[in-house]
Structure formats: C-alpha cells, structure tokens
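**Student:** Letter by letter, the chains look like this.
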Amino acid sequence: MKHTLSVLVENKPGALMRISSMFARRGFNIESLAVGPTERPDVSRITLRVDCEQHPLEQIEKQMHKLVNVLRVSELEPGEAVERELALLKVSAGPGRRGELIALAHAFNARVADLGADAIVFEVVGHPEEIDAFEELVRPHGLQELVRTGRIGLGRASVGSQRSRKQHVLR
Amino acid sequence: MKMQGADAILRALEAEGVETMFGIPGGAILPTYDAIARGTTVRHVLARHEQGAGHMAEGYARASGRVGVALATSGPGATNLVTPIADAWMDSTPLVCITGQVRTHLIGTDAFQECDITGITIPIVKHSWLVQDVEELPSVLRAAFHVARTGRCGPVLVDVPRDVQEATLDFEYPDEVDLPGWKPPRRVHLRQVRIAAQALAAAEKPMLYVGGGTLNADACAELLELAEVGRLPVVTTLMAKSAFPETHELHFGWPGMHGPKWSNWGINKCDLLVAVGARFDDRVTGKLSAFAPGATVVHLDIDSAEIGKLRRADIPVVGPLKQVLAELARELRALQEEGAGPRTEAWLRQLAEWREEFPLRYSRDGDLLKPQPVLETLQELTAGQDVIWTTGVGQHQMWAMQYLVCERPRTFITSGGLGTMGYGVPAAIGAKAARPEATVVCVDGDGCFQMTGQELATSVLEDLPIVVVIVNNGYLGMVRQWQDMFFEERLSQIHLTHHVPDYARLAEAYGAAGFTVESEDELEGTLAEALRCGRTAVVDCRVDPREHCFPMIPAGAAALDLVEYEDREAVPAP
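Listed in order, the protein sequences are those of chains R and G. Going by our numbering, the first sequence opens with residue 1, and the numbers climb by one from there. Going by our numbering, the second sequence opens with residue 1001, and the numbers climb by one from there.
Hints were generated in silico from the structure; no laboratory data involved. Incorrect hints may have been included.
[Stated by the list, open to error] EDC-like, lysine to aspartate or glutamate: derived pairs with alpha carbons at most 20 Å apart:
#  : chain 1 : residue 1 : chain 2 : residue 2
1  : G       : Lys1183   : R       : Asp42
2  : G       : Lys1205   : G       : Glu1353
3  : G       : Lys1309   : R       : Glu61
4  : G       : Lys1205   : G       : Asp1178
5  : G       : Lys1002   : G       : Asp1133
6  : G       : Lys1205   : G       : Asp1271
7  : R       : Lys12     : G       : Glu1136
8  : G       : Lys1183   : R       : Glu58
9  : G       : Lys1183   : R       : Glu10
10 : G       : Lys1183   : R       : Glu61
11 : G       : Lys1002   : G       : Asp1271
12 : G       : Lys1309   : R       : Glu58
13 : R       : Lys12     : G       : Asp1178
14 : R       : Lys12     : G       : Glu1135
15 : R       : Lys2      : R       : Asp42
16 : R       : Lys12     : G       : Asp1116
17 : G       : Lys1370   : G       : Glu1564
18 : G       : Lys1002   : G       : Glu1014
[Claimed, not checked] Which residues of chain R face chain G? A partial, calculated answer using Cβ under 10 Å:
#  : residue
19 : Leu8
20 : Met17
21 : Ser21
22 : Glu58
23 : Lys62
24 : Leu67
25 : Val70
26 : Leu71
27 : Arg72
28 : Ser74
29 : Leu86
30 : His141
Glycine residues also receive a C-beta, built at the ideal position from the N, C-alpha and C atoms.
Construct all of the structure, not just a fragment, from the sequences and the given hints.
**Tutor:** What follows is the structure in structure tokens.
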C-alpha cells in the first residue's frame, strides 16, 4: 500500500541526506520525494511517497522522529489532503499531429510550454494519477522525454484541524 | 570573553564537566592541541591509534555513566574513529567525537587529509555538526553533549575546520539547548504502566529480559526493587551483564546464542516477557518466531522506534527507564496490597531446577590448559573486590559472560552489537581513567589483542594500569568454532599460532609485566601475581585450541535447539 508522508525539517545542511540515508540503511524504498521551502524560512517540507505495509510505515515514522533535524512527521491520508504534481512531457508531434495532441492536452488542462518543429513540451499539473493518465494517452504518439517533480501535498483546509498524527511540534 | 575557537572547545568541555578526553593530534586539530598546551582542567590521554582513543572514550563512558570524549584530526584520524563510533551507535554509548577538518575554503577540494567525515558517519551517529562559523561553536558543543546523553544514548560528531578553531569569538556557554526537533520522552504514561503492572500481577511465569538500556538509564536500583517486589526472575543480556547482581537468587543468567539452557528455557517457557531496555537482537532471540512463543510482551524502552521493531509488543511503555521501573514497582506493590499476584514461587522453583539440572559444563580432557578454568580462576581471585571487566569479541567474551560474576552496575564492559574485535584493551584503559580505584581486567583473545594491543603503551605511560588476560588459543577461535561446526572442519585462514608474538615479551617491550601460563598448575599463582603487581600486566594463557564454547544455539535456530557441551559432537548440519 502506498502512503504519502509530509515531513517538516529544519532547513539545515545535510537534513535531506540524513533522511534519505536512514531510508537506505533500513531498507525502505522511497518512490518519490519532493523538497521545498515553507512559510518559514528556517523550515523545509519534504513530501515522501513510500510503498509499504502499516508496520514498516510506523517504523519509518518513528525512525524519522529520532533524527534531530526532523520537526514533524505526518501521514497525508487520501481524501484529507490535496496532492499535486507537476510534469513536463516532450511528445513527438509533426505539423500534422499537433491539433490532435493539443486537443488531448486541453482535456487534462495541460499547457503547451514549448513548441518545436517535431515536438511539443507539455506542462501538466494535477493529481499524480491524472498525470499517469495523461502520460499513457500521449505515449502512443511518441513520448520522447518525461520529468515529474514527485508529489507534494497539504492537509485540506476543509477538513478542519489537521488530523495528522503529530509527534514533534514546532515551538 | 574573547578567545579562539580552539580555546572555546576546551572551555565547553570544562563547562560540561568533562574530566578526561582521549585522542591523538594531527594537522587539522593542531590549534585545539595548542589550546590544550595553554592549559585546561581536562586531562588528555594520548592514544596510539584513533580507534584506541574512541574505544577508550567508550570504556570511560560505560564505566562512569558519563559522556566519553574523543579527539582526532581530519582525514585518516577521523576515519579511524569510524569503528568506535559505529560501536557506540550499536551499543548506545554516549560519545562526543571532535574532529579537525581542513580549512573552510578547502572543503570539497580534496585537500590534504580531507574527508567528509560528517557524511561518512551519517548512518552511525545520532547527529553531527560541521561547524562553519566560530560563533556557533558553543551552542553546537552544548547541543552535542545534550543529544549524546539524552533519550537513547549514542555517539555524536562535531567536525571543526582548522580556521574555525583559529577564529576569535566572544565566548559564552549557553544554558539552554536550541534543538526544536529533539524531544526524547521525559516522562512515562502512567496508564501504560498500570496496564503493565496488571499484566505482571496476573502472570504465573513472568520473566524480566533486561538489556543494556537499563545501565544507560542508571535504573539498576529500580530494576532490583521491581524484581524483589514481584519476586520476578531476571535474565540479563550480554550488554546488561552487571545491571542486576548475579549472585541474587532472582538472577537466572544470560539469554542468547551462548547463554545457558536454563536462561534460554526460562524465556522460552515464560508467559509474560518484560523487555527492559532490550532490543530483541538476533544473537539473543535466535529464530524470532520461536522466541518466548507463548508470552505476552511488555516492552519498556526510551526509544519508541524499538517498540515493535522486531517483536510485537502487547503492552508498550515508552519513557525513561528509571522512572518506568520505579512506577511499575509502585503499581505492582499497590496491586499486591489489594491481594493480587504475581505468584511466582512455583516458576522460580522450576527455573532453579533447570539451573541445577543443566549447569555450564566442560571437561578437562587432554594435557592442554582449558580456557574455562582461566575465567573461573580469575573470578575466584577477585570475588568481592572492586573489579571492572572488559572483553574483546569471540569465544573468550562468551566464556567471560558465563563464568565471571558481576555484582555492581557498570562492571562488565564489552562490545555487543557491533562485535568489535580489539575493543577490550582500549576500553579497559578508558574504564581505568574513569574509575582509578577499581582493578580493571581485560579478558582478551589473541586475535583481538593483536588488533589494538599497541595501546599497552598508553596504559603504561599514562599511568592507567590494567591487567590483560589473553585467552590464547592461537586461533581466531570463534571463527574456528564455526568452521568446525558448520563448515565440516575446513579450517580457513584462522591460525595465528600460540607463540607469535610472544605476548609476555611484547608486554615487557612496552614496559609492562609479562607472564605466560601453559598449565593449570601455574594458573592461580600467575594470575594472582599479575593482579597484585599494581602495574600494567599481560598474562598469556595458552589454552587448548580445540575447545569450543557451549552451550550454543546455532544462528537462526530456536532456543530449544540449543546444543549442550556433551552433545557437541552431534551438532546438526546447518
């Protein structure tokens, strides 16, 4: 089963390395990982996607809590979080195929980021599963290159107080 | 007060109450050694190898319960500390390692003696710091000591570039630590303690399975109280040897691969297993599914990540063990006053019967000195005295566990988790520095001794006398045991010989006293003389290389598959 973990860490050198090293040495696999700044300059947020059962997930969370730079670990439960990902896709498209592809992209709210003689670069933002679907649809046209940011997420505003399992709390 | 970074390091150590540090100077740590020359109240013990310095700091920490401090230069100095750091990590020994680093502007350029020691050690430290700004030095050192000794103890590393040591700062040592992400449990949930106490009161065959966390938590008095209140039998792991008085009627040995049958059966047959600062290590459990198969598990630990890591805990209790055990004893006593159990007398009788029925055994066949009498004689000669034992890793270590009797906490210091050969001699020197009034004896193997034996020079010159008793079988004995038992006696690359080096003469070359024992007749007199001589001594006990350590639970086997001494010829194929 796949889980999304949202981890707040001190914005210090080596913080990401400590986390990824812990995953590696304990034999946990990271499916995707996205790091970026937060509303506080001294804090970064790491969104991690892992594929594991409940028991290893608890181990991951506990082991992460022990890292000095880790401030808070919470699981983003499906339905209670907004999750997004950005992808750039370079698709083969000669002049004769452009119209069809752009129409397809339109249905996914994908934007044309760049247009060349033989290819289009699409930019698509959405739930990771929507990006999967778009990727599958354009693949037959000749998917030359693909890059995805990995998912990021936040607890929904509408769910009220964050139900996430809080362990370490900021001052 | 204005001073150099190097002086600030020493003022910080002084503020932390450090009395002794262990290290070796080199290029990138020179400014700090210059500051040592300018004066400090901290005694510096000059080791012969940084690994030795690290293990000395570990031995110091384990004997005293305080944070051990090791100093080394950059590059090879720092990498030589990696083994002690890993060792301290596995055995949760509080350690602050301070390493010199190349100047800030050279970092990342493959400069002379540069290595990324903070990167190398990430998997084996609780935390580490590369200090880039001299102003951070006081708060980093304050945090380093705090992290090393709070929560589950362990090693930290502070890497200080040479120019940071030379830069000037206005030194003020902070009272508070600024670590928003470091919040180890400070108190226990009393509700969980109550549930654990109820389980104990209802148990008929409880067993306290005590690990090294008990010693780290300084919770031995509380453990003794709990055991006595509930009349609860106790087994102590290798790391917890000395956490419970071993002559006490409630002590039932040591569980695990070379533990006696009665200890392992006790765990196997118990109905309530209370793990106290123990981590279900594979050398203790053997086949995990067959470890205490019928027991409800209560797991007491400061580290919540240990709960359920290997064995599901039915009743987890997270908190500082000193408080956890005291509260548990109080709750249990309250339940008893209401007429509840536990009623353990029948169970204690059963355990005592097994102990009578299956004692540790060996035979004195052949002409050669056996290793077990070396340990038995050492025990007889030192019974009741203030002795601290250290060991290397291997057969001699297991015999030491089986035959030495520890009465007081922190008197058995060994490398358990990492199994670091060569730990014994430097750890003994560190223990002697921590407890100069105690007799410190290192029980070593000949293989182990040759890994760190050069620290005899440190022992002699720093006036830290220790007695090293080498159980010299001329082989890498434990490897031989496995090759004999599990590789059809194909002995491969393990023969060290009894006579090269001549350990007694080597000891004399170092200015220590050297003795050789080749028969049981000479054993008692020679060991007594070595213990009495008041200076560093090495006793080379040349023992039968064919002697194996029993009982033994083959790796991955269940406790009930334990092989006794008398069944040693009939070991099942792996």
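**Student:** Hints broken by the structure, by number, lowest first?
**Tutor:** 4, 11, 15, 28, 29, 30
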